Amino acid sequence: MTMTIATTIDEILSGLSQGARPIAGGTDLVVGSRQGKGTLPEHLIAIDRVSELAHIEVGAETTRIGSGVTHATLMTDPTIVASFTGVSDAAALVGSPATRNVGTIGGNVMNGSPAMDTGAPLVVLGAQAELASTSATRLVDLDELWVGPGRTSAADDELCTALVIPNRPESSGSAYVRLEYRRAMEIAIVGAAAAVTLDGDAISSVRVALTAVAPTIISVGGLDAVVGQPADEAALAAVSEASSEQAAPISDLRASDRYRRHMIGVMARRAVEAAARRASGETISVPVNRALGVGAQS
Amino acid sequence: MSTSNPQAVTLNVNGVPYPVAIDTSRTLSTVLRNELGLTGTKEGCDDCECGACMVLLDGRPINSCSYLAVQTQGREVTTVEGLASQDDLAPLQRNILAAGGVQCGFCTPGMLMSATALLDENPTPTEEEIRIGLSGNLCRCTGYARILDSVIQTSVEINS
Ligand SMILES: Cc1cc2nc3c(=O)[nH]c(=O)nc-3n(C[C@H](O)[C@H](O)[C@H](O)COP(=O)(O)OP(=O)(O)OC[C@H]3O[C@@H](n4cnc5c(N)ncnc54)[C@H](O)[C@@H]3O)c2cc1C
Ligand code: FES
Ligand code: FES
Numbered sequence: 015m016t017m018t019i020a021t022t023i024d025e026i027l028s029g030l031s032q033g034a035r036p037i038a039g040g041t042d043l044v045v046g047s048r049q050g051k052g053t054l055p056e057h058l059i060a061i062d063r064v065s066e067l068a069h070i071e072v073g074a075e076t077t078r079i080g081s082g083v084t085h086a087t088l089m090t091d092p093t094i095v096a097s098f099t100g101v102s103d104a105a106a107l108v109g110s111p112a113t114r115n116v117g118t119i120g121g122n123v124m125n126g127s128p129a130m131d132t133g134a135p136l137v138v139l140g141a142q143a144e145l146a147s148t149s150a151t152r153l154v155d156l157d158e159l160w161v162g163p164g165r166t167s168a169a170d171d172e173l174c175t176a177l178v179i180p181n182r183p184e185s186s187g188s189a190y191v192r193l194e195y196r197r198a199m200e201i202a203i204v205g206a207a208a209a210v211t212l213d214g215d216a217i218s219s220v221r222v223a224l225t226a227v228a229p230t231i232i233s234v235g236g237l238d239a240v241v242g243q244p245a246d247e248a249a250l251a252a253v254s255e256a257s258s259e260q261a262a263p264i265s266d267l268r269a270s271d272r273y274r275r276h277m278i279g280v281m282a283r284r285a286v287e288a289a290a291r292r293a294s295g296e297t298i299s300v301p302v303n304r305a306l307g308v309g310a311q312s
Numbered sequence: 017m018s019t020s021n022p023q024a025v026t027l028n029v030n031g032v033p034y035p036v037a038i039d040t041s042r043t044l045s046t047v048l049r050n051e052l053g054l055t056g057t058k059e060g061c062d063d064c065e066c067g068a069c070m071v072l073l074d075g076r077p078i079n080s081c082s083y084l085a086v087q088t089q090g091r092e093v094t095t096v097e098g099l100a101s102q103d104d105l106a107p108l109q110r111n112i113l114a115a116g117g118v119q120c121g122f123c124t125p126g127m128l129m130s131a132t133a134l135l136d137e138n139p140t141p142t143e144e145e146i147r148i149g150l151s152g153n154l155c156r157c158t159g160y161a162r163i164l165d166s167v168i169q170t171s172v173e174i175n176s
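Those protein sequences? They're chains A and B, same order as listed. For the first sequence, the positions run 15 to 312 when the numbering used here is used. For the second sequence, the positions run 17 to 176 when the numbering used here is used.
Be aware that a few hints might be false.
[To be verified] Here are some, though not all, of the chain B residues that point toward chain A, as calculated from beta-carbon distances under 8 angstroms: (1) Asn21; (2) Asp39; (3) Thr40; (4) Ser41; (5) Met70; (6) Ser82; (7) Tyr83; (8) Gln87; (9) Gly149; (10) Gly152.
In case anyone wonders, no lab produced these hints; they're calculated from the structure. Note that the structure is predicted; figures quoted are calculated from it, not measured. No residue lacks a Cβ here, since even glycine has one placed at the ideal position from N, Cα and C.
Kindly generate the complete structure, drawing on both the sequences and the hints.
In structure tokens, the structure reads:
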């Protein structure tokens with residue numbers, strides 16, 4: 015087994031084209047190789063020293079979050095907190111400070127777990143993954159990237175270089191809320207993200223996506239009825255019902271499918287409510303779970 | 017299984033360069049303990065859950081049981097052995113002893129590393145911020161209150 019420490023993107027791409035696998039923070043890859051769960055790849059290329067991958071760039075139309083940006087940065091970076099707050103809510107819930115210091119958004123997205131916390135907020139914000147290889151660079155919608163638990167449509171020689179998010183219109187807000195049994199080192203039991211844009215008091219657009227209730231992160235469809243309505247009890251109830259209906263959760267030792275189905279509705283309602291409050295200009299600190307006292311209490 | 021083929025690397029730990037030849041799959045905690053003899057760092061779960069293995073990488077905490085040693089090349093690792101000076105314990109070490117924050121002591125090195133990083137980044141943490149800072153460290157003995165007290169005491173000393 016070998017590890018090469020890359021300092022440029024070209025070096026990574028050439029390594030991948032020769033069969034090496036990327037390692038960023040290693041918080042999924044190394045932990046996942048334990049206890050017979052899998053073995054480490056024969057050739058690793060460390061991508062955590064490449065400064066271009068660690069940048070957040072605000073362009074005229076989109077914001078580019080380098081794949082190597084850590085959760086610790088996502089939860090505090092002023093641009094992300096101000097404009098893509100749901101991503102910060104999610105990053106702030108990941109693991110412990112140690113996990114957040116080295117764990118990256120690229121690793122979270124490319125690991126492809128249906129329980130990944132940054133996935134649902136990225137989906138509601140319309141993010142695309144930028145994938146690069148020695149031959150081409152392409153942008154892929156996230157619902158085409160994730161094809162099953164732990165599986166992506168990216169080719170083995172493709173590096174995720176960035177997550178690209180359209181800049182938000184005025185009067186927009188986003189939020190991510192997760193059901194958890196304890197306040198740290200938790201995996202989402204279920205989670206929901208929402209992005210809302212308001213026109214006066216009325217919702218002019220709303221997107222909701224769900225964590226850990228299907229083989230991949232899923233978007234909730236059929237929310238057109240709440241567009242044009244205020245984010246009131248009736249609208250929130252409609253979101254909640256649609257989310258519970260469209261979820262396809264499993265039962266395991268952490269929660270039954272019925273409990274998950276019910277609670278995903280509760281989480282979706284809270285996410286939309288928080289996103290709408292943020293869209294109206296209210297500051298709700300990151301993460302929503304702590305600010306509003308949802309999820310586990312102290 | 018991956019083939020065993022040691023990689024020659026230099027690890028920088030507590031300001032000392034250590035040239036070693038290690039298998040790429042070795043985690044930092046096993047190399048610190050078994051190759052460098054720095055046994056202050058503990059392994060509790062070896063699965064990224066308990067924080068007994070916490071060390072600092074360029075000043076920020078990582079779980080050394082789940083970080084490949086060769087990936088620390090060119091970076092600075094700090095372990096609990098790096099906290100005290102020749103003659104004196106670090107203020108946080110003194111305070112955790114005085115507060116009764118050490119019982120069996122197994123979690124203590126990891127707690128000290130997380131708390132050191134927290135106080136370096138934020139010398140005036142609130143109690144909530146200390147709880148978050150130590151949220152990756154389990155202690156099965158003390159009930160945490162005295163550990164918390166020692167971090168608060170150290171923060172008061174730093175700022176007076
Ligand atoms: C204690 C603990 C708690 C955790 N808690 C949470 C949590 O609350 N929520 C959550 O969502 N996750 C959690 N995780 C999982 C993990 O920390 C995150 O998914 C993290 O973002 C992974 O990033 P990484 O840089 O460490 O990825 P790595 O482990 O380095 O990589 C993960 C996978 O993605 C591939 N990869 C990495 N970067 C790229 C890239 N740029 N392009 C292509 N492929 C790439 C790797 O080859 C590997 O297959 C936790 C993990 C641990 C150990
Ligand atoms: S030994 Fe590393 S977290 Fe428990
Ligand atoms: S003192 Fe025993 S585990 Fe903390």
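Of all the hints given earlier, name the ones this structure violates by number, lowest first. Violated hints: none at all, because every hint is consistent with the structure.
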